[in-house]
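Colleague: Place chain D on chain R using the hints.
There are 2 protein chains.
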Amino acid sequence: MKNNKGILVVVSGFSGAGKGTVMKQLLQTYDNYALSISMATREPRPGEVDGRDYFFVTRERFEEQIKEGGLIEYAKYCNNYYGTPKAYVEQQLDAGKDVILEIEIQGALKIKEKFKTALLVYVMPPSVAELEKRLVGRGTETAEVIHQRLARADEEAEGIENYDYIVINDDLKECVKELHTIIRTAHNAPLRNKDFIQTIRKDLKHLSKGE
Amino acid sequence: MKNNKGILVVVSGFSGAGKGTVMKQLLQTYDNYALSISMATREPRPGEVDGRDYFFVTRERFEEQIKEGGLIEYAKYCNNYYGTPKAYVEQQLDAGKDVILEIEIQGALKIKEKFKTALLVYVMPPSVAELEKRLVGRGTETAEVIHQRLARADEEAEGIENYDYIVINDDLKECVKELHTIIRTAHNAPLRNKDFIQTIRKDLKHLSKGE
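Chains as they are written, first to last, in my numbering: chain R, 1 to 211; chain D, 1001 to 1211.
Here chain R stands alone, though its shape is the one from the complex (with noise of 0.2 angstroms):
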């Protein structure tokens, strides 16, 4: 029998290559998902909800989780703490969910390091000029900000070559099944099917010994 424990799933992407809409489409569509919350020291933003954006707590609380071990990854933004508690995750592939961290370049690779069996994809927009044209039509950003987005998608590309898989956001329903049948089919490499390769190999031990 395969496997039936759930993935880590950490998905990456320039801002602007659609990664928040291709998400929370995969979890409207699909019922084996749970989304990962990141837990933060900032305020709340009007209209953030804890719990279901961050969960907000003190920086006293943070620091002490850093301690106890109850973060998979933690990181320090102008003076605020971002981090991904691990108890909930745990519980959830337990159940056989396969969990769904959205999470920057730097972080994706930690989380690699210390869960050798996470999948990391990388959402990238069909082209650098969609990119741009995406970012300058949300219509909310100053030139500058663009500019910076940009500046930092070049950073981030320096690293995809680090990612199991690439998913091109052209059609987004395209890219909802594509990443959907990416986090299924990573279900049959060899090591997160150990137990089953194991008793395979045990009873073939047994069988051609004649035992």
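All clues stand as given, with none of them false.
EDC-like mimics (lysine to aspartate or glutamate), calculated; alpha carbons at most 20 angstroms apart, straight line: (1) Lys1133/D - Asp203/R; (2) Lys1005/D - Glu161/R; (3) Lys112/R - Glu102/R; (4) Lys1202/D - Glu156/R; (5) Lys112/R - Asp1164/D; (6) Lys116/R - Glu1161/D; (7) Lys209/R - Glu1130/D.
Over 10 angstroms on every C-beta distance to chain R, these chain D residues come out as not near it, computed from the model: (8) Leu1027; (9) Tyr1030; (10) Tyr1033; (11) Leu1035; (12) Ile1037; (13) Glu1043; (14) Gly1051; (15) Tyr1074; (16) Lys1086; (17) Gly1096; (18) Glu1113; (19) Thr1117; (20) Arg1134; (21) Arg1138.
It is worth saying that the hints were derived from the structure and are not from the lab. Ideal placement from N, C-alpha and C gives every residue a C-beta, glycine not left out.
Modeller: This is chain D only, laid out in the frame that chain R set:
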């Protein structure tokens, strides 16, 4: 644009796992595959057709091919050569076909060393009890031969972790579909999309520098 080049797919599996049937069904069901045909120096057996089962050649011709670098890999068993002609494989890959190559574990690992983009898939039985049942059920093998095959399977099982994926041949139709999905999905790995990633990087650099 994603890479349209084909993938070299190396399929291995225990004798009795049903690998041959799975591959025959895969090639009949989908039209994006080409089967690699091995070159051999042994005599054709009754019913075997040159150019379908093997390319049957003389020892001299085979050794010429080795010298000229015309083989992706080769091995010698029972004083006969067996190998994979390179020209046909490359021509099919360039035409966008995924080329299926059935080969045992040692050959598979040699290929992975040379072709980093090759995809290695291992076909497994659902259990060792089922494997034994199938081998016995054929009714064509003596107990001694069956024992040898199980001992051989035991050896081969040591190398399964080197494969990219396993597929379990429980239900034939499901297994073929799964194998097809694995191969389609493999086209999304970063190492098979180097040109696309390079283009995105180059364009991002230009844009973020305001060129």
